[in-house]
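Chemist: Given the sequences, and given the hints that come with them, work out the whole structure.
As you go down the protein sequences, you meet chains A and B in turn.
The number in our numbering is simply the position in the first sequence, starting from 1, with 2 added.
The number in our numbering is simply the position in the second sequence, starting from 1, with 1307 added.
Please keep in mind that the hints were generated in silico from the structure rather than gathered at the bench.
From the structure, some residues in chain B lie toward chain A, with a derived Cβ separation under 8 Å:
no., residue
1, PRO1321
2, MET1328
3, TYR1480
4, ALA1564
All figures in this text were calculated on a predicted structure; none of them were measured in a lab.
C-beta: ideal position from N, C-alpha, C; glycine also.
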Amino acid sequence: MSTRLLQRLFFGAITLFLAAPIVIVAGVSLNERQTLAFPPQGLSWSWYAEIFSDPGWRGALLASLALATLSAALATAIALPLAWFLWRRYAPWANIFRLLGVAPFVLPPVITALGLLSFWVTAGGYGQPWTAVISHAIFFVTLPLVTLTLGLDAIDRSLIEAASTMGADDRTVLRTVVFPLILPNLVCGYAFAFVLSLNEYIVAYMTIGFTLETLPIKIFNALRYGYTPTMASVSIFFIAISALVFTLVARWGDLPRLLGALPSDEH
Amino acid sequence: MRREPPRRAADYAPLVFPALMLLVFFVVPFGTMVAVSFFRRQPGGFYTPDFVLGNYERFLSPFFGNVLAFSLALATLAAICAVALAFPFTYLLTRRPRRVQTRWLIGLLSLLSLSEVIIGFAWSTLFSRTAGITNLLVALGLMSQPRALLPSFGAVLTGMVYQALPYAVLVLYPALVRLDPTLIEAARTLGAHPARAFFNVVVPALRSTIVAALIMVFVFELGSYLLPQILGRPQHWTLSVLITDQAIYQSNMPFAAAMALFLVLLSLALVGLTLLIGRKEGAA
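Modeler: In structure tokens:
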């Protein structure tokens, strides 16, 4: 049937478009000598070893990992009580904070970056590593906020009622009933914020770009001085981390549902 | 359990930390930026508190006009390409079994979270003379010699469509995955060809979703910052690049802040338009 064939062709073309740059970069990263040839000349994993053995790349990798770990934790710590309050209480005016939590993510990133730059320059602390942690936490607070809101909305409120009737106070309800139910959403929100923070360039650049190199900053700086296969190996390494994290998220939670599908009826 | 309004002071306790963080580190920086946009620039990279409109007057210069027009045209073109590719793709994806969808979503999320630097690097390799696609064309005998395809407008556009495609798919996904399958079945039973059912039933049914997705992707593309620098020439630089350039390299924070504010208002107006479209659809 020609329609099916056309559909296959279209699907295949999109797959090719999405995969091509990654395949090329993966190929380039395996070159034996310092060249960006494709197909690779000789096969070697040495450019992957370079990420860990070269002090510059290793430092950037560690800075990125530290930044992502801490800022995602802070983002989740901001989002959890906010989502809980908005769900638990009837307070329409408090929705302004939901809006504030979503705004940095919807607006072009350069705006948040510039706002934070002018803030840190004025308030002091410009260039300090911790300013980037706070900046990224604010920038990515949207992600845990959205996943937690989805999780809370899916909770059957009669469960909470039952717990309250039996004498549990808010704190106990949160700890024993709500928290276990939204744990997958909490983990997903953290994971999203972690991966995006790892890859973020402009906010990190504007806050700590002149004092510390994260991996994206390091790659961009290296691009100006010519290409090395290490950039390719780092890119592939990052794609692998992202894919791994999202695979774990999919295993832990219902990914299609997190992204807007109706609850699965296959179970 | 009914949601009760907060009554005692302790009821507000969970709100304190998030509210404080968002006010201090988002609202105040934003306010600082607005204030700085009215400040007077001092030669040598500093600025003094003042209330001047000079930073906004520079919007009227032909240079700014060109950059703005180019940014808007580029974002529009990239958004149209991305949504035109993403819509049929997402439609086909949502017809697949849930397990296949999950795998695709993992891949799309990984691509979406990819740093702009990495996307730029990947495409600059793909368009390069040594490792690029022209080598493939030479091998196939279609070209006599490999050549570099960048920097060029086509390279910037390709990179931006690539960057936006996963985003467009994820924006369209909820509406398409919830689309009532009986709608298409009905069209098919009445004898419509699958392609005809798609164009005459699915597309019109989701017209406002498509418009909303176009606006969302457009705003997303306005933020593109590194791709025009890596894949294009200086004349392909966008407003985002110009803002950073003014803030960091020209040390003209007031002008950068004024441009950023302009970008905010533009984005907010467009996002507001999207919400309005969504509300209309909800009411219908």
